[in-house]
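Using the hints provided, position chains B, C and D relative to the given structure of chain A.
Number of protein chains: 4
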Amino acid sequence: MIIIIKKEHDEKQLNNLIGWVKKQGLEVDLSEGSHSSVLGLIGDTSKIDIDLVRSLDIVESVKRIQEPFKLANRKFHPEDTIVDVSGVKVGGDNFTIIAGPCSVESEKQIIGIAEAVKKSGAKLLRGGAFKPRTSPYSFQGLRETGLELLLKAKAETGLPIVTEIMSVRHIDLFKDVDLIQIGARDMQNYELLKEVGKTKKPVLLKRGFANTIEEWLMSAEYIMSEGSKDVILCERGIRTFEPYTRNTLDLSAAPVLKELTHLPLIVDPSHASGLARLVKPLSLASVGAGADGLMIEVHNDPPHALCDGAQSVRPEQFDDIAKSVNNMLPICGKKQIL
Amino acid sequence: MIIIIKKEHDEKQLNNLIGWVKKQGLEVDLSEGSHSSVLGLIGDTSKIDIDLVRSLDIVESVKRIQEPFKLANRKFHPEDTIVDVSGVKVGGDNFTIIAGPCSVESEKQIIGIAEAVKKSGAKLLRGGAFKPRTSPYSFQGLRETGLELLLKAKAETGLPIVTEIMSVRHIDLFKDVDLIQIGARDMQNYELLKEVGKTKKPVLLKRGFANTIEEWLMSAEYIMSEGSKDVILCERGIRTFEPYTRNTLDLSAAPVLKELTHLPLIVDPSHASGLARLVKPLSLASVGAGADGLMIEVHNDPPHALCDGAQSVRPEQFDDIAKSVNNMLPICGKKQIL
Amino acid sequence: MIIIIKKEHDEKQLNNLIGWVKKQGLEVDLSEGSHSSVLGLIGDTSKIDIDLVRSLDIVESVKRIQEPFKLANRKFHPEDTIVDVSGVKVGGDNFTIIAGPCSVESEKQIIGIAEAVKKSGAKLLRGGAFKPRTSPYSFQGLRETGLELLLKAKAETGLPIVTEIMSVRHIDLFKDVDLIQIGARDMQNYELLKEVGKTKKPVLLKRGFANTIEEWLMSAEYIMSEGSKDVILCERGIRTFEPYTRNTLDLSAAPVLKELTHLPLIVDPSHASGLARLVKPLSLASVGAGADGLMIEVHNDPPHALCDGAQSVRPEQFDDIAKSVNNMLPICGKKQIL
Amino acid sequence: MIIIIKKEHDEKQLNNLIGWVKKQGLEVDLSEGSHSSVLGLIGDTSKIDIDLVRSLDIVESVKRIQEPFKLANRKFHPEDTIVDVSGVKVGGDNFTIIAGPCSVESEKQIIGIAEAVKKSGAKLLRGGAFKPRTSPYSFQGLRETGLELLLKAKAETGLPIVTEIMSVRHIDLFKDVDLIQIGARDMQNYELLKEVGKTKKPVLLKRGFANTIEEWLMSAEYIMSEGSKDVILCERGIRTFEPYTRNTLDLSAAPVLKELTHLPLIVDPSHASGLARLVKPLSLASVGAGADGLMIEVHNDPPHALCDGAQSVRPEQFDDIAKSVNNMLPICGKKQIL
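Protein chains in written order, with the working numbering: chain A, 7 to 344; chain B, 7 to 344; chain C, 7 to 344; chain D, 7 to 344.
Any given hint might turn out to be false.
Claimed, not checked - Straight-line C-alpha distance at most 30 Å; calculated DSS-like pairs for lysine-lysine:
(1) D:Lys-69 / B:Lys-13
(2) B:Lys-204 / B:Lys-181
(3) B:Lys-76 / D:Lys-12
(4) A:Lys-69 / C:Lys-28
(5) D:Lys-29 / D:Lys-329
(6) C:Lys-53 / D:Lys-114
(7) A:Lys-13 / C:Lys-53
Said to hold, decoys possible - Computed spacing ranges between beta-carbons, pair by pair:
(8) A:Asn-22 / B:Asp-325: 23 to 33 Å
(9) A:Asn-22 / C:Arg-70: 52 to 62 Å
(10) C:Arg-60 / D:Leu-344: 45 to 55 Å
(11) C:Trp-26 / A:Glu-33: 39 to 49 Å
Keep in mind the hints are simulated off the structure, nothing from the lab.
Beta carbons: idealized from backbone N, C-alpha and C, even for Gly.
Looking at chain A on its own, in the form it has when it is part of the complex (with noise of 0.2 Å):
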């Protein structure tokens, strides 16, 4: 952290401000010019609040220099982290795909799509039980209905299951969850992202639709300050003017997530869209910009379905899809999945 001192300053205020700098265990580095000085903080200065020193009399500016994250920090961990959820394995050069349905609606539903989406190359079940939507009025999912039929699906297909919390109170509803979503409204929802951290469990954490990565990371961050280290990030779109799309998908975030951290990324680009349609060209654009994965909501009568019924693709279309990024994968450097 570099902090820039006011050229006219109180000299007792700046030996304060080092005093106080050194006793969080930092070494500083003074460099007094002619024109002005610069205080280089040393050591682990994540626990320094900025927006502090920066309301500081003395104080012209502040810029950090190292990020403020540190376990999901690709610096201090230079390997990509590879989750395995329940046998399934998620980074280094595996590609993985999480389908299935945006709502749990029924038994039959539920196990017909994951038998299609198995068949097809998907090795995650998607299906939401707990659903956050903007209306009371909407439909709000089956909720403990629907992790039942999840476990169903998962005893009769073999694929282990991804599902979304909504509350700190179903924390023990999720002990059979292979894989807890914290869904885009709740990646702030500081409360929640350390009580998952502390199930210990791998969890999948998309991407606020206004939040930035370096937000996203932070969030990642909590989870993993509680002992958690297998945190799947999901890019699912962010929220821009721009009307045709529900959400704009940001594939930049891709590479810079690579540099950043060595958590594995999955897009969604059902959600970020809004419509089935541009599934497929997004998918192929998510492999190319180089994701570890992707989530897409398959459903067998979209028309039909309780929610979400414009952004799924049916089995025959997602079927489509896997085939296509499996082509793909090798350009990529990621092991075919076919």
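Quick look at chains B, C and D alone, frame taken from chain A:
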């Protein structure tokens, strides 16, 4: 709701759609022109899932005419709601200032600030006990102890208190809090909204930093649908591309909300700008725009505040702001506060 | 400018960089700490290309301390600039209202509106002759004829005129225009900025709808670097995700600009919101935020206006707005206008 | 276009509206339900000013069914347009790479880079002569001399050239330029669009960094409405809240444009990200998303480039990118380039 049917459509599918709409308890107006057909849905369409309708093969597009919120809608409740927070009125021709530190730090600090802001015209005391921080390594608030100190300050000064809740697990701890704040990051934490709604206590609902006005009112609707009537909205800036201010205060939201809803609106210029020296002009601007009150961060020693010092004003600055605001109130149709 | 050098760097490359900086006429302060080296550049760094420096192999990161604008910078020109538009003063403790129709439509229309707004307190007449429209099929303004009609209205009422220029080819046509407007879409049309700057006429520079405050001031700098001193800034809303208003009026820009620049600021609530009924509250908010004036669209027959009828107020509404604004001015440190 | 009439409306006003619509050459379908009335406008509604209709007293809201662009619309021109740029085909199953330096700096530089990129598979040479720079104090390009050097490089290598125009005054200077580029900042510089359209030369139209896809197509429509048929669109990133990359590349735009328009799309990953090391993954992602080509900044000595060095790749990196792209093309339905 207006549903525009594609020119070439299957007659059977159209009849299915009409039948389904009628089953939802709505009437249907069908206009078959030579070039297109239009269905008008009459009745309470707030329960219709617009995305589902949009995804049907025969549908060209859909337009909602009615707003999807009901309890918060001014159409069904034309008079201003005046929320009573332990005797303090918010809304109507009242103008209410909430003031206090970002975080509760000590008994001396919170009581000192409470006495100062009360003298200057504040009617409610704010102070953070549970603090949502981007970094797990930043100060997270005094938590339970912070609540106790707030209650002491209330006992000392008579000011009702406002503080943020971050988890459904803390509901019981908040039983003596006069006005429960839902923070921006939790605006779409639906499980929390529902449980807070069940307490029937007054709620201060901050706008999510990337949420539309309609989404904000839908979150108010979540609280109100649990039986609570007393929701106060709080505009605190939205995320834009402009880096100079922490967020961009959206004052257009004030007159827009006056049209759409009967709920009162408080503006928080401290969090919106993140800069203490912007608090006065933005406070006066908020009065001009038609807000029902202000929430201002006040600290006796901003450079040493444990968080958000950069945006806090000193008690004497707060006193000056309150006096200028007071002068403007009659021009804007509000009763004076001093 | 502070340049942070990578820990492991080539000494020769560092010397090359220092030499290059000195050749640009700057002094260099080198601080070599045990963990990093920091170069402080002293002198006028506005000509240093920050992207170029950032791209050097040995550079970790760069931070600008000085603002990149000079002529527009309050640091080098502490007193408010008061622009004289053919006798009408803008800036300082003056508050100036510009009013008139979106488009000039006919002699009768423009003279009628000019007389009405003059009576209510407007000091400058606006009216579009060349109109930037999203569609090539929409009305493009009366163009040359529109300018002639504006000049007739000026002759009739004595109000100096403001109108938008869209092409360097039209510079000569604007020789009798008192205040030349650069529209939002042309804020970074640098060739136009330079040529308008050469005329030495007062310029009203609208903020681009997706431009930062710094970029806006850099565009003012383009005009000023050609010798023009008289630039008036105009905030007219920025593009955000909120769909209810056409744009989001950024009133934080008012106090920020007062810090950064000595140039006056006018606010345009009509274009910002796109809704006539929001013009009054946003006008009062602008006064509160510290604006030096308003630009308001007024039309005698808004529903039949050839463009932008939805955002125009009627003359009697304008009169009411001007009266309320007038009452607020003394509270905000401005001379009354009525 | 669907116009929803308010429940309580003046019958005479409704008849006036219907009469006015018919005068514009359109047919009207009136559906009077028990709760609302809906007007369906049939015919070419692209000339109807939607804001004007929306502002009428009797109108509740308006919804456009047809897109407001015609010449650029795939509905009226179902086959892909293949633009011929001096013999180089862009669009259809062709994949075209444009490469070259941000700025032309010298004869040796531009010819050297041209030869290198040609060998690696580029079919068109880019190079900036007139440079839009945020600061008036930054290098503004070699201007006329830059154009001459580009023409020399064309003579030497046979590569047709692409370069940006910034002013209508320069139209004549561009008579030998093969593909005229309209930059992002000029996307809504309508006078420039019209004059460039009149030249009938192929145009590369960059998306404004805060413009919607619809606005972008309306700008293409401006060029096409002057008789030009050969417009190539260029996505180069949009402005969002994410600070890590200069802009956020919107690859969803690729499949969306394939639906809406018949015009070809080139993606510029260099400007979008501003970071050379992101160019390869974003190039592969663009192929996956369905782009018709790439525009890549290549420089022989990026750290010393006079502008935008940070985003330029070296010739050997470009060669590697082109080879990987080439491998992906057959999977995405394009002819290979090597």
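Here is how each hint holds up against the structure:
Between the alpha carbons of D:Lys-69 and B:Lys-13 the distance comes to roughly 17 Å, so the proposed pair stays at or under 30 Å and holds. The suggested pairing of B:Lys-204 with B:Lys-181 holds, with an alpha-carbon distance near 12 Å, which does not exceed 30 Å. Of the pairs offered as hints, the one joining B:Lys-76 and D:Lys-12 holds, with about 19 Å between alpha carbons and a cut-off of 30 Å not exceeded. Using a Cα cut-off of 30 Å, the hinted pair A:Lys-69 and C:Lys-28 holds, with the two alpha carbons roughly 24 Å apart.
Between D:Lys-29 and D:Lys-329 the CA atoms are separated by roughly 58 Å; this puts the pair beyond 30 Å, and the hint is violated. Distance check on the hinted pair: C:Lys-53 and D:Lys-114 sit about 26 Å apart at the alpha-carbon level, within 30 Å; holds. Taking the CA atoms of A:Lys-13 and C:Lys-53, the gap is near 22 Å; set against the 30 Å cutoff, the hint holds. Evaluation of the 23 to 33 Å hint for A:Asn-22 and B:Asp-325 yields a pass: the beta carbon distance comes to about 28 Å.
The given range of 52 to 62 Å is broken by A:Asn-22 and C:Arg-70, whose C-beta atoms sit roughly 27 Å from each other. Hint check: C:Arg-60 to D:Leu-344, Cβ distance near 33 Å, so the stated range 45 to 55 Å is violated. As the Cβ distance of C:Trp-26 to A:Glu-33 is approximately 31 Å, the hint placing it in 39 to 49 Å is violated.
Checked against the numbered hints above, the structure breaks hints 5, 9, 10, 11 and satisfies the rest.
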